[in-house]
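Student: The lines below spell out each chain.
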Amino acid sequence: MFEKVLIANRGEIAVRVIRACRELGIKTVVIHPEIDQDSLHVTLADEKVCSNDRRVYLDINAIIEAAITTGAQAIHPGYGFLAENPNFALACENAGLTLIGPSSHSMRFMGEKTLARKIMLEAGVPVTPGSEVLADLEEAKIQSEKVGYPIMLKASAGGGGRGIRVVQTPEDLDKLFPEAQKEAQLAFNCPDMYIEKYLDRPRHIEIQVLADKLGNVIYLGERECSIQRRRQKLIEEAPSLAVTNYLRSQMGEIAVKAAKAVDYVGAGTVEFLLDQQGNFYFMEMNTRIQVEHPVTEMVTGIDLVKEQILIAFGEKLSVNQSEIEIKGWSIECRLIAEDTSRDFRPSPGTITLFNPPMGPWTRLDTHVYSGFKISPFYDSLIGKLIVWGRDRKEALARLERSLLELQVEGVKTNIYLCKQILSNAQFIEGDIHINLLEDLLSQKIIIGGIEDGRN
Amino acid sequence: MAEIKCEMTGVIDQVLITVGATVEVGTEIVVIESMKSLITIKSLEAGEVEEIKVSQGDFIEEGETLALLK
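In order, the protein sequence lines correspond to chains A and B. Going by the working numbering, the residue at position 212 of the first sequence is 212; the numbering climbs one at a time, nothing skipped. Going by the working numbering, the residue at position 56 of the second sequence is 56; the numbering climbs one at a time, nothing skipped.
By construction, these hints were calculated from the structure, which means they are not laboratory data. Please note that the accuracy of each hint is not assured.
One-sided and incomplete, this derived list gives chain A residues near chain B with beta-carbon spacing under 8 Å [to be verified]: (1) P346; (2) G349; (3) G371; (4) K373; (5) P376; (6) Y378; (7) D379; (8) S380.
Note that the structure is predicted; figures quoted are calculated from it, not measured. Just so you know, even glycine gets a beta-carbon here, dropped at the ideal spot from N, CA and C.
Produce the complete structure using the sequences and hints provided.
Tutor: If you want it as structure tokens, here you go:
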């Protein structure tokens, strides 16, 4: 096994990786900027390399050098930062370091959206009806007629919802095509656009896969991630009320096919949109561990981060497909330092009080504590609260109970918003889709702010 | 003399006013990058800009002064 692993990340995911390493008997190294020296991941790591650059988590050379100097044999990139950067994967490969993740080739194939669509189509994976990269507005019109309005214009190099427009009519396309191109150019330095059919109120369903270096690929069921705001997931659960055993095996087998088509190795997630008629379409594959991975861990009993490390070392998967069983229900909510009453603007500052919830089947993945100063330089996720129950009803009650116990003072958080979602009738019924939360917010059925003077 | 205060901590991404310009309540003053979001800070005061206290790339804490008005 690896003796030492460098974690090229921060926050809760760095803590999560350190825990997996410790349980496997692996020493850990972190490289961090001075401002992060009180963060839990730095406190917990066996060795620390301090940098005076707050952008060090994106500095490929500094990270590789720190790994070599400290004698780490592998690097875990977490999510975000360099996790899906093929140049980083390549730099690790060239330096003789093992990246705990897929090859630079797999990352490149899945990172370029139109290329990924093409490879998936060839592999027999259903993709949303749409086009390849469009030459100009004229071609956009021809392709849109073919697919049928409404359509979505998307940036080929896209991500994070930028460069996307919903187009209802050919007249709208005249205006929206150049606008989206301009936005894509600004955001990604590439104006290439393609179109996809617009689906009415679909669900976001994703399949977790694990692939080892010996060619074994398995799926670990689905995650339901339809509760989103501005395409950022907020509440995730496993399994999904919308996925039957039959649909699960269908989607799972397709996800395995998608992974195999790019010679995938490691933990990955194949994201689909599931329409109201039960048809599903490939959106993209995330070539990293995901924020919401714990709900899959809770219902399968498999430690995904440990599996990632074992796979990277060259071990065979510790389980086969027939051993994967989905047991009970798990729900996660993301705890975010933001002011939900002021257009969800971030709320950096010092957490004066942090009382975590505890009790049966309650898990909190976080890097913060009472007295922790949330820096304005990084993202606003302060933790994830995850529960397990025998069924959805028990899991929901447990999550509500945990949110009641959780106390965060000093910064604004989204706790009250999460509570409102959990007690919303439509959410409880499971009648959800990717636009639901924004609909409920615009109708003021769910509102921003805090409750009785506390978060 | 009125001051325009910054209502959040972050890094100045853009300064949207110039010395001598007239600002109203609600005029956009600066764009701040905080926790990977861009937030536009608007003025709560009206007047003529006498001095701008920040420039692009500066780190600013909540409550600090962005500009002075006369």
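Student: Measuring from the C-beta of K373/A to each C-beta in chain B, is the shortest one below 8 Å?
Tutor: Where the cut-off is 8 Å and the nearest Cβ of chain B is about 10 Å from K373/A, the hint is violated.
Student: Using the nearest Cβ pair, does Y378/A come within less than 8 Å of chain B?
Tutor: holds, 7 Å
Student: May I ask you to test the interface hint for S380/A with respect to chain B, counting a Cβ-Cβ separation under 8 Å as satisfied?
Tutor: Hint on S380/A: holds, closest Cβ of chain B at ~4 Å, below 8 Å.
Student: Min Cβ distance, G349/A to chain B: is it shorter than 8 Å?
Tutor: Result: holds, 7 Å to nearest chain B Cβ.
Student: Can the hint on P376/A be confirmed by a CB-to-CB distance to chain B that is less than 8 Å?
Tutor: holds, 4 Å
Student: Have a go at the D379/A hint: is there a Cβ in chain B nearer than 8 Å to its own Cβ?
Tutor: holds, 5 Å
Student: With a cut-off of 8 Å on the beta carbons, see whether G371/A makes it to chain B.
Tutor: violated, 17 Å
Student: Measuring from the C-beta of P346/A to each C-beta in chain B, is the shortest one below 8 Å?
Tutor: Check passed: Cβ of P346/A comes within 4 Å of chain B, closer than 8 Å.
Hint compliance for this structure: hints 3 and 4 are not met, and every other hint is.
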